[in-house]
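Engineer: Residue numbers (full-length UniProt numbering), protein chains in the order written: chain Y, 1 to 243; chain S, 1 to 243; chain Z, 1 to 243; chain F, 1 to 243; chain L, 1 to 243; chain C, 1 to 243.
No false leads were slipped in.
Derived CB-CB ranges, DEER-like:
| hint | chain 1 | residue 1 | chain 2 | residue 2 | range |
| --- | --- | --- | --- | --- | --- |
| 1 | F | G112 | C | E231 | 42 to 52 Å |
| 2 | C | K227 | L | E238 | 36 to 46 Å |
| 3 | S | E48 | Z | A12 | 53 to 63 Å |
Hints in this document: simulated from the structure, not taken from any laboratory. A quick note: this is a predicted structure, and the numbers were derived from the prediction, not measured. C-beta: ideal position from N, C-alpha, C; glycine also.
There are 6 protein chains.
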Amino acid sequence: MSSFTRSAGRAADQLRAIRITRGFTIHAEGSVLIEFGQTRVLCTASVEEKVPPHKKGSGEGWVTAEYGMLPRATHTRGSREAAKGKQSGRTQEIQRLIGRSMRAVFDLRALGERTIHLDCDVLQADGGTRTAAITGAFVAAQDAVNKLMAQGLLGASPIKDHVAAVSVGIVEGLPLLDLEYTEDSACDTDMNVVMTGAGHFVEVQGTAEGAAFTREEMNQLLALAEKGIGELVVAQREALAQA
Amino acid sequence: MSSFTRSAGRAADQLRAIRITRGFTIHAEGSVLIEFGQTRVLCTASVEEKVPPHKKGSGEGWVTAEYGMLPRATHTRGSREAAKGKQSGRTQEIQRLIGRSMRAVFDLRALGERTIHLDCDVLQADGGTRTAAITGAFVAAQDAVNKLMAQGLLGASPIKDHVAAVSVGIVEGLPLLDLEYTEDSACDTDMNVVMTGAGHFVEVQGTAEGAAFTREEMNQLLALAEKGIGELVVAQREALAQA
Amino acid sequence: MSSFTRSAGRAADQLRAIRITRGFTIHAEGSVLIEFGQTRVLCTASVEEKVPPHKKGSGEGWVTAEYGMLPRATHTRGSREAAKGKQSGRTQEIQRLIGRSMRAVFDLRALGERTIHLDCDVLQADGGTRTAAITGAFVAAQDAVNKLMAQGLLGASPIKDHVAAVSVGIVEGLPLLDLEYTEDSACDTDMNVVMTGAGHFVEVQGTAEGAAFTREEMNQLLALAEKGIGELVVAQREALAQA
Amino acid sequence: MSSFTRSAGRAADQLRAIRITRGFTIHAEGSVLIEFGQTRVLCTASVEEKVPPHKKGSGEGWVTAEYGMLPRATHTRGSREAAKGKQSGRTQEIQRLIGRSMRAVFDLRALGERTIHLDCDVLQADGGTRTAAITGAFVAAQDAVNKLMAQGLLGASPIKDHVAAVSVGIVEGLPLLDLEYTEDSACDTDMNVVMTGAGHFVEVQGTAEGAAFTREEMNQLLALAEKGIGELVVAQREALAQA
Amino acid sequence: MSSFTRSAGRAADQLRAIRITRGFTIHAEGSVLIEFGQTRVLCTASVEEKVPPHKKGSGEGWVTAEYGMLPRATHTRGSREAAKGKQSGRTQEIQRLIGRSMRAVFDLRALGERTIHLDCDVLQADGGTRTAAITGAFVAAQDAVNKLMAQGLLGASPIKDHVAAVSVGIVEGLPLLDLEYTEDSACDTDMNVVMTGAGHFVEVQGTAEGAAFTREEMNQLLALAEKGIGELVVAQREALAQA
Amino acid sequence: MSSFTRSAGRAADQLRAIRITRGFTIHAEGSVLIEFGQTRVLCTASVEEKVPPHKKGSGEGWVTAEYGMLPRATHTRGSREAAKGKQSGRTQEIQRLIGRSMRAVFDLRALGERTIHLDCDVLQADGGTRTAAITGAFVAAQDAVNKLMAQGLLGASPIKDHVAAVSVGIVEGLPLLDLEYTEDSACDTDMNVVMTGAGHFVEVQGTAEGAAFTREEMNQLLALAEKGIGELVVAQREALAQA
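All chains, full assembly: derive it from the sequences and hints.
Structural biologist: Dropping the structure here:
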């Protein structure tokens, strides 16, 4: 058995403190600060009344995401991607993942020919920024959709279900839910799981950072993720229930 | 006489509500959220124990700044500079201005061969982002220097004086202090002024957006700026006096 | 039950014809043309007697991959990434996946301070280019390692196990192994699985393109992948057994 | 009192020899070589019968500028911006300044939906290249407008007033007009001033390179600039009076 | 007299073994693998039913080429141009040459408003890649035109004549036809010659790598090139005569 | 026989008026304005006391060239390459040609480990800018070498011979020397020839813009080029003979 102990006495299958603050900034149609413990991501939803070229004239809308990290969101300062003149492979991979996850619960035809841009900017990083981003972006998107409905621009909601995400991993042989940075650095296997409110999988991305993992370990990790995402969906509902 | 009225009954020579929150994020050596009314800029100071090539072996340190704006900090979403692959001329102009302003109050020899990076990221924009950035970056830089001194890495402070900045402008003939976005868009003349705690000028950048301005108008604007910067320096001192 | 029929009477759990041609080009330390049916990828391994900056002086080597697709490898011509001046997010995602997969079976310390570059260039695409690339790159890497051992530059092999990959997916409700392009375009769920010769997981990347997938479906897909990868490892062994 | 002596016995409030050569090249609608002593800038005005996107359909024209420096315009060779693949922050700052200065004296509605491009290329640099560029670009723009009027494409001139620029600075305590390179390198305060023929300010950009400057010093510098720009406007008029 | 001996007993005026394989890949309208000895270039022709901006509405079509080299086509691995983010000057020079050579034998009006893209990708390099590319691209273009005619999209062929290319050079005083890599590296003069089936010149690009060359030497080289290109045109005809 | 008449009664085998002005700018080690009729190119030579990486420690120097064209050097304004962020293929082709031509007459070992940068910037274009650039760059390089010898940094000249260049072409069947822009646009064949003072070829680049050209036409063009380059070398000698 592993002797690994989590910080602040957290249980292996316990999420960090989750906080979802709606209306964090004033201009965006949806603006959510989501916190998974010390990880803080600002997710804004912006509605644009046009679609990218591949959707023009299709009668369908588009939902897309961009991801960024402030240079000093991390322990040591990273270089600014705008100054370097290009986004890293990691950044592109994450923003593609967020976009796909959001589109999985959107009926693009019901959205009509408009685009929802989800900007996920990490103000402070402590592991799990991409899963926090997905979980927060959903709430921002819901706020933007609610605004469109309140304005009469949409008759019915194009959102079919909730979507949320969490990381799971194996550290010193112990399967853990919602890894923080020190756990993430030490883990053998790291898996990001995205699920719907109905409990189905949208994305499963598991990577063996150290030793390859077994089918049994995978099952343990998926069970942890199901538990965590269930709780995140509850947190989303509670946040959206507030005025 | 002008019939222009400021929002919230603000007087022509009155700053917006100024708030300076130190320790806004946990990783940086200095981390300050500064608010000029609805304008909110996160300023972090990062210490790096090396210098850029032009200072190598000089015995002197360097202080430099980068500036960014989150895509939805503004009324309509702007494109992400990292995704476009280059910083705009405006961004570069602003970050050069912040860097020069900071260096004006630093004794680079006393800093030793290390670099202080000041990252100024606009979370929400309502006019005056560059002047808020300068005013907040100074506080972040002071916190970083204090940390270096507490660690014994610096014997004496390389900071010679405060530096702060404010915008002034003429709207419908009326000279105004600390323009918010709607005023900035309507003004004929827009001037950004950077001054030291001793009341001397570091930068004066005045631009006639509409009609060219007279020497008399310039004098009125400079007087307003002196008043505002005096108050900003007091706000910096009060913020730094807290634990 | 699904009425979907695969081309050429292929069974749902059947790989396409796999061909592995070693020594396809003459200059590289390892050069393999791998074919999964009509998908053809040229994988070359190049040994460089130095390491990237993050490994300098570490006593460890590095294994990395780049991926490309000839403009007319596909049904309609794609634009050349070198001419556009940047690699797409998809390209970067794939080459990061190939690199991680190779490193999972390499003992970097046993490799010594040298780099193996794996270039995977798609000559013809018909679905599954990334899984073919991983499967072929392993053979090229093995050839390069054998050459280093024959030259006395390496005493023992730094390769700990085989690694191979295959795609699986659900088309019209039917779980299928090794999707070709028309199947890939039509599938609801698409999963790329990378496993070792010992049958452990290195990467699992499942994406719901249409409806989200259930735990049961995931289990079916993983079982198919295990079967396919077992056969691919046999094909790798047979290819390597030839002179 | 300062013991600083200017080269060639120039007085503190004296411009360098100013030469304005119209028709320096044959293709452009306006082509001016302007010399401030050894500083030589080629300013061309090109008329294009269309406007950038933000002016399309507005009934207004546009006036814009680009600035460049030949690699060996300076004492030591600088790298070519076209070869580096990007313009420096300094270049962008200068070309934005030239553009704003020109637009300050243009009635864009009277110009109609066409663009005047002002290209300012420094053939030889000895301080003051941006102020020479503004002063010369005005003459080139006037020539281009005259050509449009002669062709009947414009009924009345869209140019409302002259615009010219000069640098001023404080070297060893002495306020100086029109700094040459060695003075510019040694100065504590450097200010670029752009004014109209009517004597009003278009831009004031003052920077403390060494010690911060006082209100009194600023007044001295502005007085010098007013004198110098008055003389430059006379030089523009004389040049334009020639056939 | 020179004592230089060619590999494999090749005569000074002898081409390497030429192989032209049509239909090398399945998607392109024309797909040719051409081999000049160990040099192997994949040439594909793609038909696009639109033209670049400068031909829009002209009634004329366009023929253009792109050139690339796989990173390990050469003895030592070259860096991937897509990863570096730009094509080298050499690459651009070669693809411009291929494009001009193809257009020299095309009647662009007879082609109609469509584009033929010729992609020439070097799988293996041993000298003469650009001349092999031109020779192979012609065959791919012919196949694409034949397909357009078979589809009834073109009534008559827009191809007016064959075009082929070969390199010639002087090594240790000896004029040689069709240089391979070791000869190319050692030569004093290197010349690439492009000719039509009728025996006229399309391009002559001769460069003195060592000593400048005389008129007499030039005449010898041109005679060799004429002989070689005559044989290449025969090889093209034979390849095209096959089903 | 052709009825084509050249402007200003120029004979078919006559150069335009050639003017070579040394010392055109003050900072460069060599600075030459060369004029071929209305074509005006500023060629500067800059000496740098280091070499590029591929020559480090070789005991040899390097000679390299860059080429640029001011945006309004031509009839209609071209876009600025620095603003576009890349040099065109044409620009790169020309600067590679100038560099090779210069190196053909330099003994790089005798130059020692230093670099001569030749910057060729077209102030005004009327055909033949690359040939004027080569001819002028030689004079600038000679001035820079003379300065190195006068300073005692070089004992003997590393320049082995003159090098100069001219364009020739066939317009309406008539072979012409030194094409101006209108001739260049109308020609069927365009050839740039670079030769040494001894009358040997350094580069021959002939392109059929219209009909392919015959061996006989090529001979006529080379004869014209020999005549023209002979006269250009005389002009170089005369310019260098002046104080």
